[in-house]
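Protein sequences, first through last, are from chains X and R. Add 761 to a position in the first sequence, counting from 1, and you land on the number used in our numbering. Add 1 to a position in the second sequence, counting from 1, and you land on the number used in our numbering.
Hints are computed from structural coordinates only; laboratory data are not their basis. Any given hint could be a false lead.
Once the Cα atoms are required to be at most 35 angstroms apart in a straight line, the calculated DSBU-like pairs of lysine-lysine come out as [to be verified]:
#, chain 1, residue 1, chain 2, residue 2
1, R, Lys112, X, Lys1049
2, X, Lys1008, R, Lys133
3, X, Lys853, X, Lys1049
4, R, Lys68, X, Lys1029
5, R, Lys27, X, Lys982
6, R, Lys133, X, Lys776
7, X, Lys776, X, Lys1029
8, X, Lys977, X, Lys845
9, X, Lys1029, R, Lys115
10, R, Lys27, R, Lys133
Calculated from the model, a selection of chain X residues having no Cβ within reach of chain R, i.e. all distances over 12 angstroms [claimed, not checked]:
#, residue
11, Gly808
12, Phe868
13, Arg897
14, Lys909
Using N, Cα and C, we set each Cβ at its ideal position, and we do this for glycine too.
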Amino acid sequence: MTINDGNDKPAVWVKNLTRKFGDFTAVDNISFNVGKGEIFGFLGPNGAGKSTTIRMLCGIIEQTSGDGYVGGYSIRGENDRIKKITGYMSQKFSLYNDLTPAENLEFYSGVYGMPAAKRRERMEWALEMSGLESRRHDLTGDLPQGFKQRLALGAAILHQPSILFLDEPTAGVDPLSRRDFWELIYSLSASGVTVFVTTHYMDEAEHCDRIAFIDKGILIKLDTPRALKNLQLSGRIFEIIAAEWLKAFNLLRNERRGFGEVSLFGTKIHLNFIGDDFSAVESLLREKNIPVESARHIPPSLEDVFVALLRPAQISDYEG
Amino acid sequence: MIEVRNLVKRFGSRDALKGINLHIEKGMIFALVGADGAGKTTLLRTLAGILTPDDGEISILGRDIIKDPECAKEHIGYLSQRFSLNPSLTVAENIDFFGALFQVPYGEREKRTKRLMEFSRLGPFRDRQAGKLSGGMKQKLALCCALIHTPDILLLDEPTTGVDPISRRELWEILYDLLGEGVTIVVSTPYMDEAERAGEIMLIHNGRAVISGTLDQLKASYRYFLFEAVCDQNRQALRLVSDHLGKNRVMFFGDRLHIALNDGSESAGIKSLLENSGIQILSLLKIDPGLEDIFIQETSGDN
Ligand SMILES: Nc1ncnc2c1ncn2[C@@H]1O[C@H](COP(=O)(O)OP(=O)(O)OP(=O)(O)O)[C@@H](O)[C@H]1O
Ligand SMILES: [Mg+2]
């Protein structure tokens, strides 16, 4: 979804970027581009290096080696420029709980060095966008999580950045507020803002234009959600529905080695079946007197792909 | 096991809990869901004996914990949303600290730690200071500390927020194992797919229990005919249907749309609405509602 404004340089350009902490490599030689106006999802297990990458791109920490350009500016030495054109919403809530929403925004407009004339207008805009006009004088700490996150987004885009880094913006946010939040992301993207976002909600990841999977600092896949779902997995995904789903699940997870990884989606069981003949599964369940309502081969969801790509690697790693 | 009657809690002029009733049996998982700020944390903290309610009764294991908050504490393990680890202690030291605090016998502690390291994948980082872990790794360490002993009742406030999809699954496997040992678990979560797996679910909205029961009971309370649509242009389709039916009647569920209709026959109208605008419908099926659909019905402004 590249916006054609006659300047087709990518919004974010990363080459062999690496960050070490002592002798531990948190981000390991990653390279990728993000197009202008693109919604770019950055996914991976805890500790994969997502926040570390974002912090390097925003100029908060330095890279150990490699290169990066954000909005055409180098992360080696042009951090002041980068800060002017990027917005950053950190994983840890970064607003003051003992200030009101209006005071928090006032504070940020100062940090960004916005001209006084512009401040009022943008603050009002941010309060309206976050739905906090009527609660502008409440303490931020008393706001529900969803509102806090929207306020944090408002603060991050007060200075109208063209590139936005959102680190788990919807963690702990309820289903309706999450959808509202994504509406905001879409409208920003539609207006040409590049959005670089991390999330552990795979249903949200479906809404990204492209997704990068990283694990242990290494970029392992980068593609559109559709292409990722068409990846050849180690097995075929079967969805099993049974009234006694927990019994069935416990049974199948003990057979993991023979049948493949099994995981729950709500009360539905997904089996990434690695065998040839699925009737072996059905007869095992029958043998144990667990009636099956339905069992069918389904196309994988992004969450299936995430689990399939990242789970086995992690398990063997632990045992090794 | 846990019996709550007409629980009321106020903070200043705000009513956080407006008369909650609960009955939780031994050895079950009970899930609390609700919009942001609905009162889940307040309820859990009141059950843990940390907050004193303004009105109502709580009995846990037959004891009145409002009169005697200390008596229940030895039976309750509580993981707060803002659990504080010691950032300068390592992963292993934090776990050991809690193991000692809860007086878990040494052999048992070893066994437990091994299992918890497996779920959390923190094994390779056992000598790293807690302050240097990623956000999700901190959350998982907090969980390890809370799960190092086996209380009769476990109260977990959003244990999986910030936790990746793989560890989330493995945490639930640990919860099932604890369930097998007879532990009673009360858990709040923003993930509807997790709550669906609980024996009973309570949806709290503005300090009140809007609905509660087994998943099947909640499903029976769903008023709409739910359709799942997959279109070639989902985004435009959402706009159109939303303008036609109202904002909260059509929602994205990953790469699909859920459309809540008053009547099954309305689906023909939706079909032509979309097709007349040049949108290709790849599939349109009547489906059973999930907890997320029920959540939306109960908490969106349409009610
Ligand atoms: N200051 C530091 N010192 C040592 N190690 C660090 C430091 N900061 C981060 N790390 C390590 O770098 C790795 C990557 O951390 P990062 O925060 O980038 O992960 P993440 O992908 O954002 O994970 P999460 O999903 O949990 O937020 C982790 O192993 C973390 O412990
Ligand atoms: Mg992070």
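Output the indices of the hints that this structure fails to meet, ascending. Violated: hints 2, 3, 4, 5, 7, 10, 11, 14.
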